[in-house]
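Single-letter residue listing:
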Amino acid sequence: MTNSMSNVKMVSEIIENSYKVLKKEVISQYQVSFEVNKDDVHSILTLLKTSGWIQLSYLSAIDWPEENEFELVYIVFNWDKAVHIQIRTRLNRENPVMNSILPIFPGCKYYERETHEFFGIKFPGNPGHEKQLILEEWDDIPPLRKDFDPRAYSDRKFVKREYSNDFVNLNGEKSKQIAREERKEKIIKVRKGGRK
Amino acid sequence: MKEMKLFLGPQHPGMHGNASVHMYVDGDIIKRAFLLPGMLHRGFEKGMERHSWINNISLIPRVCVVEPDINEMAFAMGAETLAGITVPERAHYIRMIILELARLSIHLMSYGGLGSPTGLYTLMYHAHTDRNTILNIFEKITGHRVYHQYIIPGGVRKDLPIGIEEDIHAFLDDLENRYEEYRDLGINNPTVLARITDTIPLPAEVVWELGVTGIGMRSAVNKPYDLRKVMPYARYDKIDFEVPVADYSDAKSRVDCKLQEVIQSISIIRQCLKLIPEGDVRVPLGRGQSMRWTIPKGHVYSVVESSRGEFGYFMVSNGGVNPYRVGVRGASYPQGLLGIEKYLPGTRLDDAALWVDTMGVCSPEIDR
Amino acid sequence: MLSTKFTKLSKEEVDRKWWEIGDFFRRNSLWMLMYCTGCCAIELPPAMTSAYDMERLGMGPMATPRQADVLLVTGYLSLKTLRRLIYTYEQMSEPKYVVGIGSCTINGGIYHDSHAVINQLNRYVPVDVYVAGCMPNTEAVMNGFVDLMGLIKTKKANGWKDYHARNEWYMANQKAALGEVKVHDEFHE
Ligand code: SF4
Numbered sequence: 058m059t060n061s062m063s064n065v066k067m068v069s070e071i072i073e074n075s076y077k078v079l080k081k082e083v084i085s086q087y088q089v090s091f092e093v094n095k096d097d098v099h100s101i102l103t104l105l106k107t108s109g110w111i112q113l114s115y116l117s118a119i120d121w122p123e124e125n126e127f128e129l130v131y132i133v134f135n136w137d138k139a140v141h142i143q144i145r146t147r148l149n150r151e152n153p154v155m156n157s158i159l160p161i162f163p164g165c166k167y168y169e170r171e172t173h174e175f176f177g178i179k180f181p182g183n184p185g186h187e188k189q190l191i192l193e194e195w196d197d198i199p200p201l202r203k204d205f206d207p208r209a210y211s212d213r214k215f216v217k218r219e220y221s222n223d224f225v226n227l228n229g230e231k232s233k234q235i236a237r238e239e240r241k242e243k244i245i246k247v248r249k250g251g252r253k
Numbered sequence: 221m222k223e224m225k226l227f228l229g230p231q232h233p234g235m236h237g238n239a240s241v242h243m244y245v246d247g248d249i250i251k252r253a254f255l256l257p258g259m260l261h262r263g264f265e266k267g268m269e270r271h272s273w274i275n276n277i278s279l280i281p282r283v284c285v286v287e288p289d290i291n292e293m294a295f296a297m298g299a300e301t302l303a304g305i306t307v308p309e310r311a312h313y314i315r316m317i318i319l320e321l322a323r324l325s326i327h328l329m330s331y332g333g334l335g336s337p338t339g340l341y342t343l344m345y346h347a348h349t350d351r352n353t354i355l356n357i358f359e360k361i362t363g364h365r366v367y368h369q370y371i372i373p374g375g376v377r378k379d380l381p382i383g384i385e386e387d388i389h390a391f392l393d394d395l396e397n398r399y400e401e402y403r404d405l406g407i408n409n410p411t412v413l414a415r416i417t418d419t420i421p422l423p424a425e426v427v428w429e430l431g432v433t434g435i436g437m438r439s440a441v442n443k444p445y446d447l448r449k450v451m452p453y454a455r456y457d458k459i460d461f462e463v464p465v466a467d468y469s470d471a472k473s474r475v476d477c478k479l480q481e482v483i484q485s486i487s488i489i490r491q492c493l494k495l496i497p498e499g500d501v502r503v504p505l506g507r508g509q510s511m512r513w514t515i516p517k518g519h520v521y522s523v524v525e526s527s528r529g530e531f532g533y534f535m536v537s538n539g540g541v542n543p544y545r546v547g548v549r550g551a552s553y554p555q556g557l558l559g560i561e562k563y564l565p566g567t568r569l570d571d572a573a574l575w576v577d578t579m580g581v582c583s584p585e586i587d588r
Numbered sequence: 030m031l032s033t034k035f036t037k038l039s040k041e042e043v044d045r046k047w048w049e050i051g052d053f054f055r056r057n058s059l060w061m062l063m064y065c066t067g068c069c070a071i072e073l074p075p076a077m078t079s080a081y082d083m084e085r086l087g088m089g090p091m092a093t094p095r096q097a098d099v100l101l102v103t104g105y106l107s108l109k110t111l112r113r114l115i116y117t118y119e120q121m122s123e124p125k126y127v128v129g130i131g132s133c134t135i136n137g138g139i140y141h142d143s144h145a146v147i148n149q150l151n152r153y154v155p156v157d158v159y160v161a162g163c164m165p166n167t168e169a170v171m172n173g174f175v176d177l178m179g180l181i182k183t184k185k186a187n188g189w190k191d192y193h194a195r196n197e198w199y200m201a202n203q204k205a206a207l208g209e210v211k212v213h214d215e216f217h218e
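Just so you know, the protein sequences line up as chains R, P and X, in that order.
Using the working numbering, read the first sequence as starting at 58 and increasing by one per residue.
Using the working numbering, read the second sequence as starting at 221 and increasing by one per residue.
Using the working numbering, read the third sequence as starting at 30 and increasing by one per residue.
A couple of the hints might just be wrong.
[As the list claims (entries may be wrong)] Ranges of calculated distance between the beta carbons of each label pair, as one might list FRET restraints:
1) G51/X - V541/P: 56 to 62 Å
2) R195/X - R213/R: 22 to 28 Å
3) E230/R - F35/X: 35 to 41 Å
4) F35/X - N356/P: 55 to 61 Å
5) G499/P - D204/R: 46 to 52 Å
[Claimed, not checked] Lysine-lysine pairs mimicking BS3-like chemistry, simulated, CA-CA at most 25 Å apart:
6) K190/X - K40/X
7) K204/X - K214/R
8) K443/P - K106/R
9) K106/R - K81/R
10) K66/R - K81/R
11) K517/P - K203/R
12) K188/R - K204/X
13) K211/X - K182/X
14) K225/P - K190/X
Rather than coming from a laboratory, the hints here were simulated on the basis of the structure.
For each residue, glycine too, the CB sits at the ideal point set by N, CA and C.
Bound-form chain R, shown alone (with noise of 0.2 Å):
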């Protein structure tokens, strides 16, 4: 607790040291992240691994449409020296493919199933992540994409309910924009002093 800020630089030396980071971002003292090459993920998740961050807390894709590019990211945790370790790669949006971390940790199956189902990466080395998990029998684009529009999809697909009328008055009160106008009404003659 009282040195996590050295083991943020800790981590940093880790992986500074053998691989070439692009971009690194201290987010908090529990914090840090490293914006890599793709070829150098895995092993980068291999020596994290066998420095202490042996659990994969969580693996997801951010989409960006105007550099024509996704974003993968991998967290890893180490519970004795507790700092999340972010490490961001770039794919081309064209034809997104990377290889599944499988091996190194065997809990990113779902995660990597689930981005696949979301996001429309290919992830091989990973049997069966081309099933639907969440989804069933869709049929369009990966839906978090950018580029999908979930009220179009909502509208052509589930008919919205109409009201016919705004509002039902049931116990004969004022209705509320009637009571507004009136109020709107006192005001003015208020601030008149009473006069018309």
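Once you have looked at the hints, place chains P and X with the ligand on chain R.
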């Protein structure tokens, strides 16, 4: 013998939430098992990209239905880290009170849920009634029983109402008085004990392989691996509490840990009520224009210890009004999907419900 | 000696009398199916257990659809659930009633523009009672059940008859949303 396919859920009284376990059984031994998630999928991660940071406050509690407050906390912490906000001291303590009350409520609920696979409905009735008292306290504090939308970036929405301490103390005293009774009813009851001892063990080596966190991990590896201790958020570093551990993880020791956490939570709430300072509870966002509040660019992963383990939000901001991407790491992702696939085979058919209950598999946070 | 003469009733009238008797008993002992489709279901355990005690209304939970009278649709329905819900609904024996809880069943609620959640439940299965709110608190849920009993008493809970009468319309809507109503369960094979 021939293999036969059976479904546990989605419409099944022993299943918690709307998910389905597909099992291939031989006699009553499970040969293969899979979880079929996705029945609660509502496109959350997409929906959050389409709302502003402030509007998202009303969306996030719905990610995990039974324990909404950790969502709010993780979201708020992430937004504060990116925006560089310092939260007032009093808000930290109010947050801890809310989080621990929520932890009490979910532990009670899952302890009561132990009633249905073991056929002991009395336990369920007691636990749910006590949980209802917590919900009433929440209603007094926040205005809603289940979805509070109370912990927001920059603090909490409102100060505690006057006199709520008495309600909380009365409830805690009552729960503590009946704690032994609870133990006798459930975990010390010979019929239940015979059912849960040595059932579905989780060896320490496979914890890392699966990525299981929370009580499942602590009871297997015998170390106090709790995010509140390891990387204290809010003001957990000022509070004195213990993390219950065990050295052998079967259904019984997991339930036992859960009950010991109840005692710890009670003591945390008491200390918070004693230590809580006076002062502001919120810093204003965006200089009065909170609907157009923006956050500097960045990637952040913020984590909270939920009752099922590490619960995280991965958030990306591109400097706009809306978050660019929000990813949710459901705490029960590993034990729900991979755990069922790898460690249910070889156990008995009726133990599947016990795994779901004692490891804590919450289907809404798997599906999002 | 008492006269044993009475006017002979036509078959329809006898049927109607029997239905009335049946409805009387039915509405005082409703079995609801425990199928938690969405987040509103979290308010059901307090309603069922001692805090609000649903049994004083004569209602109780039932595990299998074939013996249940009431199907609770507690909240949002993703397409995957809708497929299974229709299966469940068709398995229930008649007369059967549907209660839609939460604003998600009425118009999509907070997920009105989501790609996975339907917007209007009564296009797919007939709904007798709606309970509004996100989420409706336990009193509102209980009130919905009392309303359902009132509707059964006044013979207005006719959703299941409507499902027969306009079956093609319902089927067409289900097809439009789901593509195919059949469940293919080969996601892991
Ligand atoms: S109405 Fe609200 S509480 Fe109910 S299912 Fe919908 S979002 Fe959840």
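Evaluation of the provided hints:
no.: 1; hint: G51/X - V541/P: 56 to 62 Å; in the structure: 58 Å, holds
no.: 2; hint: R195/X - R213/R: 22 to 28 Å; in the structure: 23 Å, holds
no.: 3; hint: E230/R - F35/X: 35 to 41 Å; in the structure: 53 Å, violated
no.: 4; hint: F35/X - N356/P: 55 to 61 Å; in the structure: 57 Å, holds
no.: 5; hint: G499/P - D204/R: 46 to 52 Å; in the structure: 47 Å, holds
no.: 6; hint: K190/X - K40/X; in the structure: 20 Å, holds
no.: 7; hint: K204/X - K214/R; in the structure: 11 Å, holds
no.: 8; hint: K443/P - K106/R; in the structure: 19 Å, holds
no.: 9; hint: K106/R - K81/R; in the structure: 19 Å, holds
no.: 10; hint: K66/R - K81/R; in the structure: 12 Å, holds
no.: 11; hint: K517/P - K203/R; in the structure: 18 Å, holds
no.: 12; hint: K188/R - K204/X; in the structure: 23 Å, holds
no.: 13; hint: K211/X - K182/X; in the structure: 35 Å, violated
no.: 14; hint: K225/P - K190/X; in the structure: 35 Å, violated
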